[in-house]
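Enquirer: Build the full structure now, drawing on both the sequences and the hints.
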Amino acid sequence: MTTKAAHAQTPALILTPHALEAADISDYLLRRGYPAVITETRLDGLAAALDSSARPPHLVFFGFPISNPDARDWLQSAMAKEWRIILINGDTTEPELQSLPMLSRPFATPHLDAAMLFLGE
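Numbering of the sequence shown is given in this note's numbering, commencing with residue 1 and proceeding in unit increments.
No lab work stands behind these hints: they were computed from the structure. Beta carbons are placed, not taken as given, at the ideal position from N, Cα and C, and that holds for glycine. A hint or two may mislead.
To be verified - Listed next, with one range per pair, are the computed distances between beta-carbon atoms:
id	residue 1	residue 2	range
1	Leu117	Ala23	20 to 26 Å
2	Pro35	Pro95	32 to 38 Å
3	Asp44	His111	17 to 23 Å
4	Gly120	Arg31	14 to 20 Å
5	Gln9	Asn68	27 to 33 Å
6	Pro110	Ala19	19 to 25 Å
7	Asp73	Gly33	17 to 23 Å
8	Leu117	Asp44	29 to 35 Å
9	Leu30	Glu94	19 to 25 Å
10	Glu96	Gly33	27 to 33 Å
Expert: In C-alpha coordinates:
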(Lines of atoms letter the chains of each structure in order from A and count residues from 1; the text may use other names and numbers.)
(Lines give C-alpha, C1' and ligand atoms only; values in the text may rest on other atoms or scores of the structure.)
Protein backbone atom coordinates (compact mmCIF):
# COMPACT_ATOMS: atom_id res chain seq x y z
CA MET A 1 0.00 0.00 0.00
CA THR A 2 1.37 3.41 -0.92
CA THR A 3 1.32 6.40 1.38
CA LYS A 4 -0.87 8.27 -1.08
CA ALA A 5 -3.42 5.45 -1.17
CA ALA A 6 -3.44 5.11 2.60
CA HIS A 7 -4.14 8.79 3.06
CA ALA A 8 -6.58 9.33 0.19
CA GLN A 9 -9.54 11.13 1.68
CA THR A 10 -11.61 11.22 -1.49
CA PRO A 11 -12.87 8.22 -3.43
CA ALA A 12 -11.51 6.78 -6.62
CA LEU A 13 -14.08 6.81 -9.43
CA ILE A 14 -14.50 3.97 -11.91
CA LEU A 15 -16.61 5.03 -14.85
CA THR A 16 -17.18 2.26 -17.37
CA PRO A 17 -20.16 0.60 -19.04
CA HIS A 18 -18.68 -2.82 -18.16
CA ALA A 19 -19.77 -4.03 -14.70
CA LEU A 20 -17.17 -6.80 -14.50
CA GLU A 21 -14.41 -4.41 -15.47
CA ALA A 22 -15.58 -1.99 -12.77
CA ALA A 23 -15.61 -4.80 -10.20
CA ASP A 24 -12.07 -5.91 -11.18
CA ILE A 25 -10.66 -2.37 -10.91
CA SER A 26 -12.53 -1.78 -7.65
CA ASP A 27 -11.08 -4.97 -6.18
CA TYR A 28 -7.60 -3.92 -7.33
CA LEU A 29 -7.93 -0.49 -5.68
CA LEU A 30 -9.32 -1.90 -2.44
CA ARG A 31 -6.42 -4.37 -2.27
CA ARG A 32 -4.03 -1.42 -2.69
CA GLY A 33 -5.60 0.28 0.34
CA TYR A 34 -7.96 2.79 -1.21
CA PRO A 35 -10.64 3.43 1.41
CA ALA A 36 -13.46 4.30 -0.98
CA VAL A 37 -14.26 3.41 -4.57
CA ILE A 38 -17.33 4.60 -6.48
CA THR A 39 -18.41 2.96 -9.73
CA GLU A 40 -20.85 4.13 -12.39
CA THR A 41 -21.83 2.00 -15.37
CA ARG A 42 -24.33 4.35 -17.01
CA LEU A 43 -23.63 7.56 -18.86
CA ASP A 44 -26.62 9.31 -17.30
CA GLY A 45 -25.01 8.81 -13.90
CA LEU A 46 -21.86 10.71 -14.80
CA ALA A 47 -23.23 14.19 -14.13
CA ALA A 48 -23.20 13.68 -10.36
CA ALA A 49 -19.52 12.78 -10.50
CA LEU A 50 -18.73 16.23 -11.93
CA ASP A 51 -20.44 18.08 -9.06
CA SER A 52 -18.34 21.18 -8.58
CA SER A 53 -19.35 21.56 -4.93
CA ALA A 54 -17.84 18.19 -4.00
CA ARG A 55 -14.13 17.52 -3.49
CA PRO A 56 -12.48 16.10 -6.60
CA PRO A 57 -11.94 12.34 -6.69
CA HIS A 58 -8.54 10.96 -5.84
CA LEU A 59 -8.37 9.49 -9.34
CA VAL A 60 -10.68 8.44 -12.17
CA PHE A 61 -10.71 5.35 -14.36
CA PHE A 62 -12.68 6.41 -17.46
CA GLY A 63 -13.86 3.62 -19.78
CA PHE A 64 -16.79 5.08 -21.71
CA PRO A 65 -16.26 5.40 -25.47
CA ILE A 66 -15.02 8.90 -26.25
CA SER A 67 -16.83 8.68 -29.57
CA ASN A 68 -20.02 9.31 -27.54
CA PRO A 69 -20.48 13.11 -27.27
CA ASP A 70 -21.73 12.95 -23.66
CA ALA A 71 -18.77 10.84 -22.57
CA ARG A 72 -16.34 13.12 -24.41
CA ASP A 73 -17.90 16.21 -22.79
CA TRP A 74 -17.58 14.62 -19.34
CA LEU A 75 -13.96 13.67 -19.97
CA GLN A 76 -13.07 17.15 -21.23
CA SER A 77 -14.73 18.74 -18.18
CA ALA A 78 -12.78 16.47 -15.83
CA MET A 79 -9.55 17.23 -17.68
CA ALA A 80 -10.25 20.98 -17.45
CA LYS A 81 -10.53 20.51 -13.67
CA GLU A 82 -7.12 18.78 -13.79
CA TRP A 83 -8.45 15.54 -12.34
CA ARG A 84 -6.12 12.55 -12.44
CA ILE A 85 -7.57 10.25 -15.11
CA ILE A 86 -6.64 6.84 -16.47
CA LEU A 87 -8.29 6.31 -19.85
CA ILE A 88 -9.47 2.74 -20.48
CA ASN A 89 -9.28 1.58 -24.08
CA GLY A 90 -7.71 4.91 -24.79
CA ASP A 91 -6.04 3.88 -28.01
CA THR A 92 -6.17 7.34 -29.48
CA THR A 93 -3.92 9.68 -31.37
CA GLU A 94 -5.82 12.78 -30.27
CA PRO A 95 -3.20 15.24 -28.99
CA GLU A 96 -5.28 16.47 -26.03
CA LEU A 97 -5.57 12.90 -24.70
CA GLN A 98 -1.96 11.82 -25.17
CA SER A 99 -0.96 13.06 -21.71
CA LEU A 100 -3.32 10.59 -20.00
CA PRO A 101 -2.20 7.13 -18.91
CA MET A 102 -4.09 4.59 -20.99
CA LEU A 103 -5.17 0.98 -20.51
CA SER A 104 -6.11 -1.19 -23.46
CA ARG A 105 -8.66 -3.97 -23.01
CA PRO A 106 -8.06 -6.67 -22.02
CA PHE A 107 -5.71 -5.60 -19.24
CA ALA A 108 -4.23 -7.35 -16.20
CA THR A 109 -2.73 -6.35 -12.86
CA PRO A 110 0.69 -5.42 -14.33
CA HIS A 111 -1.05 -2.98 -16.70
CA LEU A 112 -2.96 -1.42 -13.79
CA ASP A 113 0.29 -1.22 -11.82
CA ALA A 114 1.99 0.61 -14.71
CA ALA A 115 -0.85 3.14 -15.07
CA MET A 116 -0.83 3.77 -11.33
CA LEU A 117 2.94 4.23 -11.36
CA PHE A 118 2.54 6.74 -14.20
CA LEU A 119 0.31 8.79 -11.84
CA GLY A 120 2.74 8.41 -8.97
CA GLU A 121 0.56 6.00 -6.98
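Enquirer: A separate judgement is required for each hint: does it hold in the structure or not?
Expert: How the hints compare with the structure:
no. : hint                       : in the structure
1   : Leu117 x Ala23: 20 to 26 Å : holds (23 Å)
2   : Pro35 x Pro95: 32 to 38 Å  : holds (35 Å)
3   : Asp44 x His111: 17 to 23 Å : violated (29 Å)
4   : Gly120 x Arg31: 14 to 20 Å : holds (19 Å)
5   : Gln9 x Asn68: 27 to 33 Å   : holds (31 Å)
6   : Pro110 x Ala19: 19 to 25 Å : holds (23 Å)
7   : Asp73 x Gly33: 17 to 23 Å  : violated (32 Å)
8   : Leu117 x Asp44: 29 to 35 Å : holds (33 Å)
9   : Leu30 x Glu94: 19 to 25 Å  : violated (32 Å)
10  : Glu96 x Gly33: 27 to 33 Å  : holds (32 Å)
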